[in-house]
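Novice: My request is simple: use the sequences and hints to build the entire structure.
Residue numbers (the numbering used here), protein chains in the order written: chain A, 1011 to 1378; chain B, 12 to 563.
Quick caveat, the hints were computed from the structure, so don't treat them as lab data. Keep in mind that this is a model prediction, so the values were computed, not measured. Even for Gly, the Cβ is constructed at its ideal location relative to N, Cα and C.
Computed cross-link-like contacts, DSBU-like style, restricted to lysine-lysine with a CA-CA straight-line distance of at most 30 Å: (1) B:K146 <-> B:K338; (2) A:K1144 <-> B:K183; (3) A:K1018 <-> A:K1085; (4) A:K1278 <-> A:K1263; (5) B:K557 <-> A:K1144; (6) B:K557 <-> B:K184; (7) A:K1192 <-> A:K1178; (8) A:K1193 <-> A:K1178; (9) A:K1316 <-> A:K1178; (10) A:K1305 <-> A:K1278; (11) B:K391 <-> A:K1031; (12) B:K554 <-> B:K367; (13) B:K203 <-> B:K183; (14) B:K396 <-> A:K1023; (15) A:K1344 <-> A:K1302; (16) B:K391 <-> A:K1085; (17) B:K109 <-> B:K304; (18) B:K299 <-> B:K109; (19) B:K184 <-> A:K1144; (20) B:K367 <-> B:K514; (21) A:K1114 <-> A:K1144; (22) A:K1265 <-> A:K1281; (23) A:K1220 <-> B:K391; (24) B:K184 <-> B:K203; (25) B:K301 <-> B:K105; (26) B:K357 <-> B:K338; (27) B:K391 <-> A:K1023; (28) B:K301 <-> B:K184; (29) B:K554 <-> A:K1144; (30) A:K1144 <-> B:K299.
Just some of the chain B residues that point at chain A, by a computed CB distance under 7 Å: (31) S459; (32) L469; (33) G470; (34) V480; (35) V484.
Residue-level listing of the chains:
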Amino acid sequence: MAVEIHIKNTMKKYEDNIVIKDLSVTINEGELFTLLGPSGCGKTTLLRMIAGFNSVEHGTIAFDRTVINDIPVHKRNFGMVFQNYAIFPNMTVYRNIEYGLKNKHLAKTEIAKRVEEIMETVQITPFRDRYPDKLSGGQQQRVALARAIAVRPQVLLMDEPLSNLDAKLRLEMREAIREIQKKIGITTVYVTHDQEEALAISDRIAIMNKGDIQQIEIPENIYSRPYNTFVADFIGHSNRLEAVVEAAGEMVKLKMETGAVVEMKGLKPLKQGCRVLVYVRPEEFVLCPEGKGMKGKVLVKQFLGKYINYLMDLGTGAPVEISMDTNSVERICKPGESVWVSVNTDRINIFDIDTEVTLMRGVENHVL
Amino acid sequence: MSFKKGIRFDFWSFVTVLSMVFFGMFLVVPVGRMVIFAFQGKEDVGFTLENFVKFFSRAYYRKALFNSLKVVLLATILVIAIGVPLAYVTTAFKIRGKRVIDILIIISMLSPPFIGAYSWILMLGRNGVITNFVKDVFGWKMPDIYGFTGILLVFTLKLFPYIYMYTKGALKKMDASLGEAAESLGYHGIRKVLGISLPLIAPTVLAGATIVFLRAFADYGTPRLIGEGYSTMPVIIYQEWVSETGNNAYFASAVALIMMLVAAVVFLLQQRISGRKNYSMSLLNPPKPKQLKGVSNFLAHGLVYLVALLATLPQIYIVCISFRNTKGVMWAEGYGFGNYLTVFSKSGASITNTFKFSLIAIVIVVVMGTLFAYLTVRRKNIFSKVLDVFIMFPYVIPGTIFGLILLMSYNSGPIVLGGTVAILIIAYVVRRMPYTVRSSAAILRQISPSIDEASASLGYGAVSTFFYVTMPVMIPGIVSGAILSWITIINELSSTLMLYTSKTTTMSVAIFQEINRGGYGTAAALSTILTVTMVASLLLFFKLTKSEDIDL
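Specialist: Dropping the structure here:
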């Protein structure tokens, strides 16, 4: 039942404004594939092209081998969950879910059985006779999901489905969606601008910017080995430092702006003397004994319970953000204090200073 | 909009074509013909400005334009002076029986002005009951009601409800915390009202005032009945077209064009001003009416009751007098159902005609209005923009003119509709559809298009999506627009007067004729039947929708 979605060289222009540029991607059978990016990056446009709400003028979109460019929306056989849920306000929960099935020429008993089943799956059976205005956001969300999957579509499309829920419910629904998606094994395209949500829910993530895919990867790799600085900046927070290659080879010596020298492995071949960008996440700093690493002065201390965050002046111009696990520090530094820090060379990422593309060996963007 | 690989011809393309053909035939062609006629002379010499020269060179015609503007502008000012304070009092303070008063005001607003004029003549005219009473008891002579004063009186009392309804709607949407914020900043009482409330409702009042201006400017019945020598533009047009001395379609067209231009300027001016000053407000804290005490409570109630009484007095008086016996055209002693018997035997056809025509028209209005509303909101393209303009157009075309140009266009040639039922129904549909379209479109704008998309994603095509999902959700808007369309159709006089024949007489025309030939008793009986129909429709509407108001 599940299909592969092949998107080949698609492009979308509104007048002179290019929203999607020459984009190709294959979404595997049964996977939850997330389009993640800032607003205006084209993720929703792409999703709506798959749905058929936006036309495809250039390139092709295919479900398995069937090109769907010219198939009208109502014949594409997909289910969709909308950002505002789009529950039909004139129908009860039951009627909403039944609506898609009634169009499928099924026996009445079969329809009833399927609706009951799906209501059970998404846990909304007690609300079957309610109208949407008497449902909470989370319940509406469940109805929307039930309605979309009740017709057993080939593809499930979700457009920021959790953005209208409060934080707690968002976590709960995230789990529910993930669980149900795996249970029925449907190829799913999920759009969100929330990186944490994307990391938690996805099999693979495509990071988009300005109508282009920057990198396609599993969540762990997207986080730890971003392909370029855009991805690194978008996922989590990184301190951007500069360094000069002091010694090239298998073990590279990088001389930081602060004067400290960092040795690391696993880089692509580099020339001596060339400058690079060093991306260090706040948690990738480690405290050093006095006199080793880089000397810094605490500017701001922020205690967050599990973590302690510092803003520190390392003498690099902009203050640097450093995060420590409360359990692993012996004492909490005060503003004005001097400390010595170094970086975790297994974790930090190095980028080319001109192209801003990764210099880490083996990191690919997987863009076709 | 994409024009790739040819245009897909679907249901909505069909509706688009239908809308273009309909308005093309019954709006563009007539207006076009009028414009062409306006620049033609009687001898068909081609392009000429002689009609305009004639209009502006003769004092008689210039006077009519001046008269129209004078009485209409003054009426608009008076209407604001009454409507705005009234709306403020009823929303800010608790008034007993407010619901009944609102219904009375809506009824007086929706009943045709000429019936009001007729009723005021019966009360305050040369031989009116009040005039005679005052003369007999006090020996005083009442001021003359005919002419300018009478028209102004009727317009003001007939049209202030528009401002009242509009303003009330705006005040109800004004968050109570705004007033509280103003008070916390030291603005109190009248300074609060002038500083905060008034500027915020100003665009709404302006919109209401525009409607009042256009309605008064277009009204033919009132100046015709109570104006006597005070001739206004619609009267001139009617005379030029109908009277034996006139019968000059070219000149009438030119006058109509001048009128339409004035109306269009007013309309566009309002659109521009309110386009610039549109405040958006969030309503978290709806205003709550306060309970007044002592003298101010008494004054507030007094004001509201007095205005409501004056507004409904003509209607009430007509109902009462409809039971008075008559002898020929004279009043006789005693009360009974004589007038009604006469009406049913003599003008029965006009009653059945009214219902027949109105029912057909309202069905067409609802079906086309709903579909057209969908087009203008959900299928944005060049055609739906044009359609939007077409739908606004009838607001600026006075009924007499519309009847006239429709008749000019379809009185001869390949399609002859003059004298048919069809032409009346077409006039009703074009003129009264805007209410239904606007209110259906308004509700559709509040509904996210994603419910349509959800339906499509579940395998439903454009047509089934519309009928299963979109239309059911639009129903409240359709119904509240349709009630306005319906009531204004059964009341329609001005374009009917141009288009009816002895076989297609409607109630409003019959009333008008009866008044003209002095059959006051039968006119009153017919008016009462019309009023009862209207009230019944309104009450049914309130019951069905569980609302207490109508949206204008």
